[in-house]
Amino acid sequence: MRYAAIDIGSNAVRLLIADIIENNGSVSFKKNTLIRVPLRLGDDAFLDHHLSDKKSSDLLKTMQAFRNLMDVYKVADYMAFATSAMREAKNGEKIVKLIKEEAKIELEIIEGQKEARIIYSSHAEQNIDKSKNYLYIDVGGGSTELSLFSAGELWASRSFNIGTIRMLDNQDTEETWEDMRIFLRENTRQFKTILGIGTGGNINKLYKLSEEKDKAPLSFGKLKSLYNYLNSFSLKDRINILGLNQDRADVIIPACEIYLNVMKNANIKNMYVPTVGLVDGIIQTLIEKNLTKTS
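So that you can map any letter, position 47 of the sequence shown is 864 in this note's numbering, and since no number is skipped, the others follow by simple counting.
Just so you know, not all the hints are guaranteed correct.
[Claimed, not checked] Result set (PhoX-like, lysine-lysine): computed pairs, CA atoms no more than 25 Å apart in a straight line: (1) K1081 to K1039; (2) K1039 to K1025; (3) K1106 to K1081; (4) K931 to K848.
Hints were generated in silico from the structure; no laboratory data involved.
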């Protein structure tokens, strides 16, 4: 059996098709196919609060292709969610309707809080000591989701309109940065030690570049060094010399700045990078939804 997850983000649109594995009463999944299309919906959404005909058309074509792939892979169930860019596009609901009619995909535009909950359900914490304190940090193109857990319980969670595309387009505000700093200080000061859990495409790439081994955490110092190293190259050289994809080479710098800012204000010295994201959380949500149906 296979499930599929669609994540319509501000930078890229992703489709994950996963094989569902049942073993002695437990259900898990194995990634089969992951497709990422860099549509950059945030460029329109954050500047014009409207998706252009070109972006809307590209998104529709992508969804039609995803529908065809899901049919070929004989996907039993799926969920499709859109995040920050579609939240801000005034024609977002109109596009949702068009995708339902033309691509036969039911799409839901979700708020930041729901996005954070789904990312958490990716079970990134399953190999981590539950007695400790963790801050989930998910950095996207349009927003950053922060969720603080203590002894396995959700302590505080909030979504902030600070993201990589938003920063590149100069659409982030000092007020929002200050809101995030206040949230972090107020909710972390009672804990002596907090560990970070970083999710999102940029931190996955940064972790790969750090060459950390055996799932060791990424330290604040190592991330700062990596940021200085990447920032010493021009955009062109990050593509040609470092071999970064064109749609990753620009956003990776503001992503570093967000992670470093959060770690500094929450006094986090080490961050685990489980290389999961929203699509993993969606698959896990589907598994739990269908288990509830059958039980």
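Here is how each hint holds up against the structure:
1. K1081 to K1039: Status holds; Cα separation ~13 Å.
2. K1039 to K1025: Given that 25 Å is the threshold and the Cα spacing comes to 12 Å, the pair holds.
3. K1106 to K1081: violated (37 Å)
4. K931 to K848: Status holds; Cα separation ~23 Å.
In summary, the structure is inconsistent with hint 3 from the numbered list given earlier, while agreeing with all the others.
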